[in-house]
Amino acid sequence: MKRRELFTGAGQAPAGTCCKPGVSRMATLIPNALFRTQDNKPVRFYDDVIKGRQVMVMMMYANCETFCPLATQRMVELHHQALAPRMGKDLFMVNVSLKPEQDDPAVLKSYAQMHHALLPGWSFLTGDRYDVDTLRYRFFSHDHIGIDQDPDQHAGLMKIINDPIGRWFHADAFASTRTVLEHIQWSDPPKALAERLKDNRKLQERIDRDRVLYGYRKIA
Amino acid sequence: MKRAGHWLRVVMASACLAGAWGAPADAAPGSCEREAKRAPSSAARHFLVLAASRDVFYDGSGPAFVMLMKADAAADELEMGAVGIYADDQHRAAFGAVPWRAYDAFMREPAKRSSNALLRLEIDGPQYERILDILRSWDRRAREGQLLYRNDVFMNNILLVKQATEELNRCRPSIDLYKLDWGLDDRISDENARSRVPLLVFEELKRRNASLHVPDSRMPNALLALAGSEPLPAHKPVATKKAAVLAPAPAHVHHMHEAAAATP
Numbered sequence: 001m002k003r004r005e006l007f008t009g010a011g012q013a014p015a016g017t018c019c020k021p022g023v024s025r026m027a028t029l030i031p032n033a034l035f036r037t038q039d040n041k042p043v044r045f046y047d048d049v050i051k052g053r054q055v056m057v058m059m060m061y062a063n064c065e066t067f068c069p070l071a072t073q074r075m076v077e078l079h080h081q082a083l084a085p086r087m088g089k090d091l092f093m094v095n096v097s098l099k100p101e102q103d104d105p106a107v108l109k110s111y112a113q114m115h116h117a118l119l120p121g122w123s124f125l126t127g128d129r130y131d132v133d134t135l136r137y138r139f140f141s142h143d144h145i146g147i148d149q150d151p152d153q154h155a156g157l158m159k160i161i162n163d164p165i166g167r168w169f170h171a172d173a174f175a176s177t178r179t180v181l182e183h184i185q186w187s188d189p190p191k192a193l194a195e196r197l198k199d200n201r202k203l204q205e206r207i208d209r210d211r212v213l214y215g216y217r218k219i220a
Numbered sequence: 001m002k003r004a005g006h007w008l009r010v011v012m013a014s015a016c017l018a019g020a021w022g023a024p025a026d027a028a029p030g031s032c033e034r035e036a037k038r039a040p041s042s043a044a045r046h047f048l049v050l051a052a053s054r055d056v057f058y059d060g061s062g063p064a065f066v067m068l069m070k071a072d073a074a075a076d077e078l079e080m081g082a083v084g085i086y087a088d089d090q091h092r093a094a095f096g097a098v099p100w101r102a103y104d105a106f107m108r109e110p111a112k113r114s115s116n117a118l119l120r121l122e123i124d125g126p127q128y129e130r131i132l133d134i135l136r137s138w139d140r141r142a143r144e145g146q147l148l149y150r151n152d153v154f155m156n157n158i159l160l161v162k163q164a165t166e167e168l169n170r171c172r173p174s175i176d177l178y179k180l181d182w183g184l185d186d187r188i189s190d191e192n193a194r195s196r197v198p199l200l201v202f203e204e205l206k207r208r209n210a211s212l213h214v215p216d217s218r219m220p221n222a223l224l225a226l227a228g229s230e231p232l233p234a235h236k237p238v239a240t241k242k243a244a245v246l247a248p249a250p251a252h253v254h255h256m257h258e259a260a261a262a263t264p
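Protein chains in written order, with my numbering: chain W, 1 to 220; chain Y, 1 to 264.
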């Protein structure tokens, strides 16, 4: 009887360094897997969706009855209330399907249509289960074996990624409009010094005015 | 007689239609419905081995992995491999496909007072295929640097153990499972370091399923005789259309806390 190894990677050489020179940290953290948009257009997750952009990433699935429709609805509201001028220009939104076996591009498109979410700068992606799980754990892991196994636990959460400045922030889509906008602002590119000084001057004027009117700084 | 034949044909056609109507539409590959219809193959025997040892790493834990064996008498071939935590050349914990020299020690049962734990279960073909899919996916994750938990190889190993053992009971109850979910009843995870959890879970599973353990005496002799012999290289996985599009990823073996500094 002959004996044969089952796995190709058995006993491979030890790991190299995690970060290659010339490659951004984001590029090493975010998988560059192949996905499909709601229009059945193939895209690479890092190269085509994240690279050089500020992107809000959320996960959902089309026949979800709890968090996903509410979160999508919330983001549609937010889009109309505050984000519309920026969306598709310097801010993007991407929803990745948690159940790629069920959600093909056509299903995602009908989900987006149903929720009036076919808006500028907003795309819905589906891909391979392996890549979806990688993204799911990379962005939304709770570091808990039991909770992380359940994809529903990762619906309604949002990662705001700003690739050029190498930062990402976590936000809850169900938080108040102000909180979500604040999180988006935190991930905005840093302002120029003159602009920051101007903002500080405005803030100081408001504080001074509050002190005159109320005797203390009023918390907005 | 002619009339009776006509009615018989009508009844049979109705039965066929009803059968087709009642057949599960989602009998996808790997589904329980499809497995139930599959004819059992007697030529091959399949084994799942849950193996772990203690007192190898600095914290008293040791290698812990899930191993699969398929002895195909017709092909005169034994396929085997393991994925999980093993000790690398510098005796550090590494996660990935286990080198054959490391899992070879678990071809035979350990001595009674040994620090090793071993549970060997005979499984059926579909169970083997499903667990093989899980192990292949983890092997690929380790090679491509896409482990689900970036900062802790032990977490990945616990998840692998959870997935592989739960797969045994997916289509029908096969073993008395330990609920490894970090919930209120999961006292092993609650009271022990992550690195020791797989070993303790294997011991608990062996205690609960002692009658299912296959001792050396019930293993094919030809299989046990292969211990120590260098295996032939693995068959190359069939390249999918998608895999062909993707750029090759660098070979990678993950060590404890390796990527901790890389998290933003």
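Keep in mind that a hint or two might mislead.
[As the list claims (entries may be wrong)] Computed list of lysine to any residue pairs in SDA-like fashion (alpha-carbon distance at most 20 Å, straight line): (1) LYS2/W - ARG108/Y; (2) LYS99/W - GLU167/Y; (3) LYS236/Y - TYR130/W; (4) LYS218/W - PRO190/W; (5) LYS179/Y - GLU144/Y; (6) LYS179/Y - HIS142/W; (7) LYS206/Y - PRO110/Y; (8) LYS2/W - PRO110/Y.
These are calculated hints, taken from the structure and not from any lab test. Note that the structure is predicted; figures quoted are calculated from it, not measured.
Q) For the pair supplied as a hint, LYS179/Y and HIS142/W, is the alpha-carbon distance within the 20 Å limit? A) holds, 19 Å
Q | Hint consistency between LYS206/Y and PRO110/Y [alpha-carbon to alpha-carbon, up to 20 Å] | A | Holds - the C-alpha atoms of PRO110/Y and LYS206/Y are around 13 Å apart, at most 20 Å.
Q. Is the Cα-Cα distance between LYS2/W and ARG108/Y 20 Å or less?
A. Distance ~18 Å between LYS2/W and ARG108/Y Cα, so the pair holds.
Q) Are the Cα atoms of LYS179/Y and GLU144/Y separated by 20 Å or less? A) violated, 30 Å
Q.
Given the hinted pair LYS236/Y and TYR130/W, is their Cα-Cα distance within 20 Å?
A. holds, 19 Å
Q | Straight-line alpha-carbon gap LYS218/W to PRO190/W, limit 20 Å | A | violated, 27 Å
Q: Would you check the hint for LYS2/W and PRO110/Y, treating anything up to 20 Å between C-alpha atoms as holding?
A: violated, 24 Å
Q) Under the criterion that the straight-line Cα-Cα distance not exceed 20 Å, is the pair LYS99/W, GLU167/Y satisfied? A) holds, 19 Å
In summary, the structure is inconsistent with hints 4, 5 and 8 from the numbered list given earlier, while agreeing with the others.
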